[in-house]
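Chains as they are written, first to last, in the UniProt record's numbering: chain A, 1 to 325; chain B, 1 to 1207.
None of these hints come from the bench; they were simulated from the model.
All figures in this text were calculated on a predicted structure; none of them were measured in a lab.
Keep in mind that the hints are not guaranteed to be accurate.
[What the hints assert, rightly or not] With a straight-line Cα cutoff of 30 Å, these simulated DSBU-like cross-link-like pairs (lysine-lysine) come out:
{"no.": "1", "chain 1": "B", "residue 1": "898", "chain 2": "A", "residue 2": "78"}
{"no.": "2", "chain 1": "A", "residue 1": "172", "chain 2": "B", "residue 2": "826"}
{"no.": "3", "chain 1": "A", "residue 1": "126", "chain 2": "A", "residue 2": "78"}
{"no.": "4", "chain 1": "B", "residue 1": "505", "chain 2": "B", "residue 2": "951"}
{"no.": "5", "chain 1": "B", "residue 1": "898", "chain 2": "A", "residue 2": "172"}
[Said to hold, decoys possible] Pairwise CB distance ranges (calculated):
{"no.": "6", "chain 1": "A", "residue 1": "135", "chain 2": "B", "residue 2": "1015", "range": "47 to 57 Å"}
{"no.": "7", "chain 1": "B", "residue 1": "879", "chain 2": "A", "residue 2": "107", "range": "48 to 58 Å"}
{"no.": "8", "chain 1": "A", "residue 1": "136", "chain 2": "B", "residue 2": "881", "range": "34 to 44 Å"}
{"no.": "9", "chain 1": "B", "residue 1": "109", "chain 2": "A", "residue 2": "135", "range": "47 to 57 Å"}
{"no.": "10", "chain 1": "B", "residue 1": "1121", "chain 2": "A", "residue 2": "307", "range": "56 to 66 Å"}
{"no.": "11", "chain 1": "B", "residue 1": "914", "chain 2": "A", "residue 2": "107", "range": "42 to 52 Å"}
{"no.": "12", "chain 1": "A", "residue 1": "136", "chain 2": "B", "residue 2": "109", "range": "23 to 33 Å"}
{"no.": "13", "chain 1": "B", "residue 1": "1121", "chain 2": "A", "residue 2": "81", "range": "52 to 62 Å"}
{"no.": "14", "chain 1": "A", "residue 1": "107", "chain 2": "B", "residue 2": "1088", "range": "44 to 54 Å"}
{"no.": "15", "chain 1": "A", "residue 1": "164", "chain 2": "B", "residue 2": "156", "range": "51 to 61 Å"}
The C-beta atom is built at its ideal place from N, Cα and C for all residues, glycine as well.
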Amino acid sequence: MYGMEQINTATGFANAKFGSSKGQGAKGFDEPEIRILELSKYVIKFELLNTDLSVANSLRRIIIAEVPTMAIDLVEVKENTSALHDEFIAHRLGLIPLQSFNVDQFNLSDQCACSSMCAQCSVQFKLHAVCSDRDQMEVNTRHIQPLSDAPIIPVQYVNDKGIEEDPILIMKLSKNQQLDMNLVARKGNGKIHAKWSPVATCQMRKEPIVEIDQDKINRDLDIEKRKEFVALCPREVFAFNDYRNAVEIENSDKCIQCIECLRFAQANNLERAVKIAEREDKFVFTVESTGVLTPEDIVSRALQILMRKLYELGTQMKKYGVNAD
Amino acid sequence: MQKERKVNDKVRFTEKTLSTQLMNAAKHHIESFDYAMQVCLPRICSQLLAAEISAPTEAELARNKNAANTQYPFKKMLIWKPARQDQSSGLITYSQGSASGKGSQDGDKVYPSECRLRSLTYAAPLYATIARKIDNEPEEKVTVPLGDVPVMVRSENCHLHALTEQELVKRHEDMAELGGYFIINGNERIVRMLIMTKRNYPVAFSRPTFINRGKLFTPFAVQMRCVRDDLFAQTLTLHYLSDGNCSMRLIYQKQEFLIPAYVILKALVDVTDVQIYNKLVKGYFKNRQIGDRVEVLLQDGNKLSLYSQNQCLAYLGSRFRMALVGVQSDMSDVDVGNFFIQRHLFVHTQSYKDKFNTLCIMIEKLYAVVAQECELDNLDSPSNQEVLLSGHLYASLLAEKLQDLLLGAKAKIVRDLRNPNFDRLQIRNPLYMKKMIDSQVSVGKKMEHFLATGNLISRTNLDLMQTAGYTIVADKLNNHRYLSHFRSIHRGQYFAEMKTTTVRKLLPEAWGFLCPVHTPDGGPCGLLNHITSSCIPLAKEDGELCRHGEKLKNFKALLAQLGMNPVSSDFGLIYPNKYLPIMLDGVLLGCVDPQIAPELVRSLRALKIQQLNTSALYESVPKTLEVAFLPPTFPPEDDTTNGEQEVQSNQKGHKNKFFPGIFMTSSVARFVRPVQNLEVGGVEWIGPLEQVNLSIACLEEDIRTDTTHQEIDPINVLSMIASTIPFADYNQSPRNMYQCQMAKQTMGTPYHNHPYRMDNKVYRILFPQEPLVRTENYNNYDFRQYPSGTNAVVAVISYTGYDMEDAMIINKSAYERGFGHGCVYKSYIKELNEQVMGGSSSSKSRYRMINQNKYREDARIDLAEKNIDSDGTPQIGLKLTHGSPELCVYDTVLGKPKYMSFKDNEPARVENVRLMGDEKGSANNVNYGYTIRYSRNPVIGDKFSSRHGQKGVLSVLWPQEDMPFTESGISPDIIINPHAFPSRMTIGMLIESIAGKSGSNSGQFKTVKTFEKYEDDDVVQYFGQELLKQGYNYYGTETMYSGIFGDQMKVDIFLGVVYYQRLRHMVSDKSQARATGPYDVLTHQPVKGRKKQGGIRFGEMERDSLLAHGASFCLNDRLMKCSDYSEGYVCKKCGSIISCYLNREILKNQSSVGANQQKYAVNERVYCRVCDDYDCRKVQIPYVLRYLTNELAAMNIKLQFHLEPAV
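In isolation and in its complexed conformation, chain B is listed as follows (with noise of 0.2 Å):
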């Protein structure tokens, strides 16, 4: 490597390191999984349930008191990187299963490489180490195999973790592999981002459906969707009822259950409804209607008799029982309703005490929200949500999936427990447990099967609102698209069939963290959204959580030194209504009067920001923690004032626009995005629902007295994409979204290991140039190591007619020396030992691969002349065209070669062949995988684009001798027309011309930045001041002189340089025209497909505009000659053209009689079965009316047609 380094000197290539912009572009997701695999695993076998078998039968029971009570609970999971598997997947100890035990050779690595190109999945043993306990005997330890789980390239699993780039090229990668996605069957595929409703925080809402769900329901709703540390989620809505109770709403295994607030309270703590009665009002009692509503709330326990917690979580229990899963029937319905409790109310905390209060808050919230105190949230807006990453989508999926095999193993024993056959002794044997979880479907194939399909096949959903759709394949067409796949995020399949269109708006939240610029038009528009260049998704926790142990006693105490009053064990203790609660992670922490809370979280801010560790307690704010301090806008006043004064306020509408308080959130997959805070100095990371109440100033000059922060950057807006439009600020704005949707359909560098890579399809450009004018975000993504475009002197005249309507003139020279020069990959795997079509396993092996003996042996066999090896395979370089044979294997049945021909139309040689064995490596099973190369260099009819959205065609190429030209001498590449601009003011397109112009004559790249200053806030002075000095107009206007006739054009034409991406649409991809060609059977219309030489439809439409014209002889001819034309009989008297038929009796006979020539035309004659008459006339018709006849006479429905004669 240091050597090649030395020789290559010249080329700037390979002496830089990759930016760590780039390498961090799809960090979150590697991030995730390592989380998932790392800290996740290891939660969810603490909180898997465990398969708890006891004596099957009631009489077993009773005869055997002592029958066997076995709990399987899992202990720990190991994923080990992915190797061969040749290995015995045997039962294995614990010891040998430890990691020190694997010991794998190098040569067994898996390599993602491989993979891609033998269409494998990466995947990596999981392995599970599953504790048995026999009534009180101590645990015994088994590890069983679970199958290969698909394991995240680059992700701590994987072996390409923290590689150099050097290494990296060594294992065939490219020197900027990112990893964060999965390969399955040779295919990258990502799991895509998605908007999720911020966890442990309550959200009010109303929905109009809600009414429907029941008597006495309201719109209003208070949701909360609590998740646990291993990432379970279980979400809680507490509806408002039109009487002022509350009802709470989960969704368990898709039931719907609803539950009355009163008895949750209840359930949780043991305390009188007088001391929930003072919680709730908090000795608020101007405005009447809380009281009232809170004394409904507790009716609940009169009309249900439940009077203590006991009761309540009895009553829980028992409506509870059936339903869930890992109820054992000797439990007690309190113990049914604790473990309801524990499993599914409020799973982010585990203390009942904290359950209560974040249920007394959501109760508060739900009554402040429907007294109109407060303001309703709005769930589209990002400052109440948060993402889902694909890592943690994976451990709860796994997790789910764990839980499901414990549970099939357990039915599977209890299955055989019933058996009276059944050795129970077995039970002890650890290789019979073995069996009963390899009688399960693979974990790892549950697993592939999701990434695989994007379909997610869940018990419970996972709390999620979608089953399909998760994964997306990493398009690697080029840089940005690939890129991109990485930064997008989606809001889910839902909202897309959603008619309404609230949910797309873009709105003021997002700023930051969205990109306002970067998403696509059309169906996706405002759904798919891309997170910005500065946006981090949190993808796992920050250093050790604040909420847990010794940390959060810390962090409490600090608060409480910050002026917190903490929440204390006494329920008689009732803070003041005006104290705002403090909640960290949707667990109740304590109340602060609100004139301190601003010095609170002032404070809390500075030492977020200074990670002090002089202390515990300053060490226990983590540096992303969100501090959102939603502040009362009209705080209620004190106790003496009127209280018929305040409701008048509320209907007055002053109403405070939060429900206040201060909420923190230490949690994982919360986006952050660094600021500069001015108070304290410093970077502080501050996330969407707390940016909605600082000022933060975008410019030196938004600071006003009371900004307490500034953006770093004002760039930090704008998406990777959006980031890298040169002079973006002087666009049109859909300009700058056409942009980035090109940017992503643009021919460039998808990667530079091509001989390691198998992709379907690659599309590439061989002589790509970095952009003259690139931003500055382009040099921090490095795209410059994969270009997608030429630099190209454009011209804007309209000069021959041929550039009218977005079309373009290209210099013929220009496209002879290369412009635009580009090829398509294809990748194709065959397999070669099995081609029988329905075969039995027998003949399967009918036609064999490549026995070079045979070849020769056999005189018949001629590969030379075929152009083909002696191993059967196409030589490379070879050019193939269409019929061409391009493989050949042996039939050993008929003992002689089979010949496969090139199927393509279009002209490829032959780039790559590889001979592989098949997913499992055997030798007999011979996959020959092959990738040809089309020549695309441009034709008209390419589709080719400026970085502004300025798309258009190639209409011809204009000799060299023939285009315009300077004064210097210089003939533009592309001509586009004057037209395309007015109406699209991409004034930043004229702008990069000028700057590219000035670039291009001074030798130096420009490096521009959007919203950069320039001097006199005057971008065109800047450049036009370079260009005088370097001798040209100061506009970019030149005169031209015209190539036909030599004299000058008496106008300014505008000459600059201009970076234009070559589009993947090309017209060789898409040109579709038959004269004759394949049929449908049925119809005998032509078939439809390009693929298939089908015909385009000429539909009503067409027709219409036909008729309009009056064009009826052209109608005839597309409608009937050039489709379903076809001859037939119609009976006279009938009227029917099914029952007539050529008679071929009479004919035979009036052969034998007539001359030879005469026999057929003289007496033809047609017979209706029907009416037993000859009397049938010759009628054109098309073939599908004869088709419907039938239909219909099968129907009973008879169709006559009436013959009269033509005019």
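This is chain A alone, in the form it adopts within the complex (with noise of 0.2 Å):
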């Protein structure tokens, strides 16, 4: 886990602004504000603070699927005696996670100044295997040969102790049997097709607000209700002290909206003892990478897009004489 501030000058992204310039928007929010609560290799989580539901779930859906990456797009095959075939190969292929570092680099296809394929549009690999000493061979991302110098090249995973895990496996050839295909990346996103984008999953929840009134709740209910209480919630959320024989709530981060405790509170009479609530301008999000991209930069990509999207929005609605405010 880093620092914040080591973040923020790493990847300039502190104190991201939005559209908005006055500093407050139309809800009175502050500055917009992301907070970074954990980052490892592949996984970021933050908060989103001061800004509003919209906002934040622009961000997710463009994470999902708007930033862009490569992924292998186009398979010849030459020779394919494997028992699999060749559509089979081409689409495990294509899922194939590729480091996109310098995706912008690149340009779209169909937005490409070259007829067909450029260096400025895709890049170039080379699969061949063939197994012919061994009874069965394993074809992985390693056999996948870059023919050009991009720095496009299948993600090699590193676990917790920073020790190189096993490349991913594509398919098995056996005796005799080979496979030489050549592969050409290209730019997209994952709108187009999930082998683009860039996360395993982005989550959003806005961050929840228990209150209990600890007082009722320990009047009214004997100690076995108030076990039962606790037991209740699948997260943990209240614990029991031993000690008090009270109800306390222990980590209101957990409660993920089950309201199992509201129904409870209000099958025995305690309407009021137990409030669940979320924080209307406090998002938590966890963004997992699929390793083409670091977690964060994924996330700085977003806000450049979403940035970009509400600039525009922004000068077409002054185009048309609509306050952009």
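Got two chains here, each in a separate frame; can you build the complex from them with the hints?
Given below as structure tokens:
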């Protein structure tokens, strides 16, 4: 886990600003703010503060579907004597995550100036594997050889201790089978096909608020019932204090709003003793990268896309005389 | 193999050997075939009638007393294993024909995989050793080939018999090759099991139609289907006549015969009428009617003037002499009578005494039924039924075909003998006999035809009810479907047409034998059943038969020890009426006092279970002996009571449920199933008839004081497929029936040996998963080796409106990552060198295949341009679209290549190409087989289903970012509408969902059991607690956020993991639309049929609805403009539309005068031939109207059309 300052300087999206320059939005928010809670090689967890739900959800949607990455898009089969058929292998190859840190230097293939394919919009690979001396061999992402010096290569996963993990298995060949293919990676985004989506999951939630009237609960319920109340919650939001024989809130962050506690309270005539709500201006994001980009990179790229979109929306609205604010 | 495993150790797939339960799924078919070949065939040989030939004409006989009397009996049949047919099939002597003599090399063996690929029949040569005996000379034996008979795969005559999984894979088979089917012309065909009436057991029933059979006939009859040991069957029906008499009816060669019972009784045994009277009445005088009836029966003797056994035999003989096959002209009437009795009356026993006793039992039962002393039997009840197995049918058909062969050869010899130029010495030549046999249609071909078509072409119909529909194709759509073919059992084609639904009823007697869930709905509902997973149709006899020889003697002695009074040979000895008869396989063994009977049965049961081998007597009881003890419910009272009372009580309905007695069965083709015997301890195999009178507890808590048995597992009442439904016991029952149907329509993993099969159409899904939640039987049958679905995260919400009316939404990203991906393979065979339409034999080789040199030499041929390989076949992996060339052959006449193009509209890729010789293996006629692959990833309109009869259609692929998501970031793979549940009540699916969710969280497969008891009888509690521990809501609901707006949806959404199947019904196979296209030549209307680019009928009801809407222009457009719109002329004078035509004379005249541009428009005139006038008007009519007018005109009917000006 890194300190917040470090990250801000490293990726340069501290105090990211959205459209409004007046400092306060229509709903009277303060300056939007991002606070990073956790960061590892593949996962980032951060809070998005002082902004509207629509903005947060837009960010989530962009992270999933609009951050461009590279993925294998075209497969030319020269030789395939394996047990699996061409389309099947091609589909699997497409889903292999490729390191896309340099995705910005490529054009989308339909927006590229070239007629079909060029170094500006595509990266070529070769996949050649022959199983001649063994009964069986595994073809994995290490067999994919780049034909250009572009730094787009299949992701090599590293575990927590920094040790490289096994490469992704593509298929197996048995004796005297071979595979010879030319692969072309192109730029795209998750909207076009899921293989270009940079994330495994992008999770967003409002921060829950859990309040209980301890006095009332501890007064009106007997100890058994109190214990039952604590056990009821699947996420252990509540704890039972053995010294005080009382219900306490232990971890309100964990609440999943299943409102089992509310139901229990209602059933025991304690309508107002339990309150579950959520903060309207604070969103907790967890973004899990597939490895194609670093998680913080995904978020910053998503924010840039969002800003560009909002900017474009603003200019268009101004053009038609609508107040962008 | 061993090495491979080492590499493979990550993959569990090859680790485990397949379960025995899976391997035994079709065992009854294989065993029945083995039984037919090894046990029945020798019996058949000994039972077949020898062809006896005496001198051809009377005159000849007079001239030459020593005219050859030749006999040709079959001595021995021998079936080899399938082998190549290059060895000379000449006459071989017996020693050569023996098993050691064949010594075929491994290369000569034909394996099933080759037959499948080359569209051959998997058949083995059948050899018969025929002995020839002339007068009293010693026998001479010759072995003749009778053609190749189809052989069941994995039977003992198959090369795959007893091979291990690895060996099977080496033979290009799937590791789970079950066998049990035949390969006919490359297709796998199964002889489906068929329900038959229980053999050698008298059943009493009534049919109102019997009254129409003749004078005095009543609806009552007792029937016995007598089956000989070689499976020859002859049904005998004993009719009750209204005067008290009985008449025996039998069908021989599709002809009906009626014989008075008296004649048969007397012909069987030399007894006096008094003895018969005592035998039948047994001193039971209370009910006077029986005595009276027997008296009437005995009067027949007087009427027909038959007083002795010989007279009766002669009577029978004289009546049947002409009808019977195999009767020699030199036989006396008595001989013929004996011949008839031996071969057609009570064929299950040889001894006349036994036949007589059996007939007496039938008569007793008939009189008892008529006197309302016992109830009628239900022929639809499984307790009175047995099963016809494939091998058994095969054997009986083979027997008849062999008999036909001998008869045919005999007829031929007789014809030759009549020919004055025929050298009579030839008859002694073995080659002559072979020639005679060869001139007959080969037995192998006949058997092949039967299996290929399922049509039974038979002289006698083999005592069966139907002539067609015996075989079905073993459809390898997925393993569920494939396996259930072997376990399906049909009631008979005859019942399918019956209007009454009583035969379709699920009867309580079927419990444990036939699955109550697994039957299709619609036409075959209740007629096509499936046997339960525990039910075994006995295909072969259980060890040595206890009804023959020494064993029978021991068995009888054992019974006598247990209290049976054996049948005496003295007809004077009559046991009291109340004594119960003990029958074994339709033969009366003795009688027993009803007081002793229960103890006797109990002892017998104990011996049956324990299988003691301490004494020869004990050993005589087979493990699967069915001991049906049908106790008298109201035993007839002693003679001291008043007879009148008895009659009255009978009228009040106090009657026995059954005709009392102890009926034991040891024969084949019965159902048996294991249950726990609580009295003796241990597993007892029980049959359907004895089950009715046993007290079997289902569960521990059902045990009462009189309970003797308990079910081993309540799941045993379900079939293989029904028991793979998880939580089936929580579903509404019809939903389970739907799932049984849908499991059989699922795209799955049909087999793993794709390159070695050429099935016509194969479906396959590409990313199959084992279900997270499965039943115990799913594991037992190793369905996990052939998975057919995917575990999907399913949310039950009404989200976009795209999930209305059973539609479902699939996550687009899930789809793009491979959810539901699949493909379809289609295979074709083309003949390459004989592609000339109607050509003479000389032009047959006009198109020649694949001459690589030719292609190279000829500069005009550029195969590379057409994407065809240098040998003229397409490259593997080539994409074929409509019209693209897929094959190149060389036209030798025109000297240029001929390209064949791909006809289908849907693009496909070439999976596999192979060249092979024709059936005979000749290289001149090359067949070209190829398999193409259609990529069938889910598209809108494809059908999916869970395992609970919840099918739905894919309505939209919804982007992941727009899908609702949970707090943990999960977005569902599938969204279904909550309305799918209330009316269908598939609670099992909800439970599967939470069980799946719990299993995916803990990373374990949940093996559940139907009818399993959970703690507090609450399955929700069990899985709910698990979910709670894993940090989820107890009821499996979650809070979700809208993917579009990001806000929380304030409802509980049920989210879990459900196994989803993809069904084979796909839009791309069904979509049909046309703007224009082909038209019918005769009617000018659009043709029908999707294949022909035809239209969809706009029928009467559609017309009605447009009329109702007043949409007349639309109607006109549909029915006229888009159909057979035509313009024609009507003569105003005569109103005819067929006499008008454009007069071209006039046009010519006009054109020569007028300007070039005007010549058509102005001067066009229509002439009516009939009226010789030009007063015709143009009208718009449907073309069929013109056709109708013409047709009517041909029948001298004139249609007149009167024209009125349009309003």
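Now for the hints, and whether the structure bears them out:
For the hint linking residue 898 (chain B) to residue 78 (chain A), the alpha-carbon distance of about 27 Å falls within 30 Å, and the restraint holds. This hinted pair checks out: residue 172 (chain A) and residue 826 (chain B) have alpha carbons roughly 26 Å apart, not beyond 30 Å. Annotation: proposed proximity of residue 126 (chain A) to residue 78 (chain A) holds, straight-line Cα distance about 11 Å (limit 30 Å). With a CA separation close to 27 Å, the supplied pair residue 505 (chain B) and residue 951 (chain B) stays within the 30 Å bound.
Pair hint residue 898 (chain B) plus residue 172 (chain A) does not hold up; C-alpha atoms about 40 Å apart against a cutoff of 30 Å. Remark: the range hint 47 to 57 Å for residue 135 (chain A) to residue 1015 (chain B) is upheld by a beta-carbon distance near 49 Å. Taking the beta carbon of each, residue 879 (chain B) and residue 107 (chain A) are about 28 Å apart, not inside 48 to 58 Å as hinted. Taking 34 to 44 Å as the suggested C-beta distance range, the pair residue 136 (chain A) and residue 881 (chain B) conforms, at roughly 36 Å.
The beta-carbon spacing between residue 109 (chain B) and residue 135 (chain A), approximately 27 Å, falls outside the hinted interval of 47 to 57 Å. Against the hinted window of 56 to 66 Å, the Cβ-Cβ separation of residue 1121 (chain B) and residue 307 (chain A) comes to about 58 Å, which satisfies the hint. At about 46 Å, the CB distance of residue 914 (chain B) to residue 107 (chain A) agrees with the hint of 42 to 52 Å. Between residue 136 (chain A) and residue 109 (chain B) the beta carbons are some 29 Å apart, a value that agrees with the proposed interval 23 to 33 Å.
Between residue 1121 (chain B) and residue 81 (chain A), the C-beta spacing of about 56 Å keeps the proposed range 52 to 62 Å intact. Judged by the Cβ atoms, the range 44 to 54 Å given for residue 107 (chain A) and residue 1088 (chain B) holds: they are separated by roughly 51 Å. Checked against the given bound of 51 to 61 Å, the beta carbons of residue 164 (chain A) and residue 156 (chain B), roughly 57 Å apart, stay inside it.
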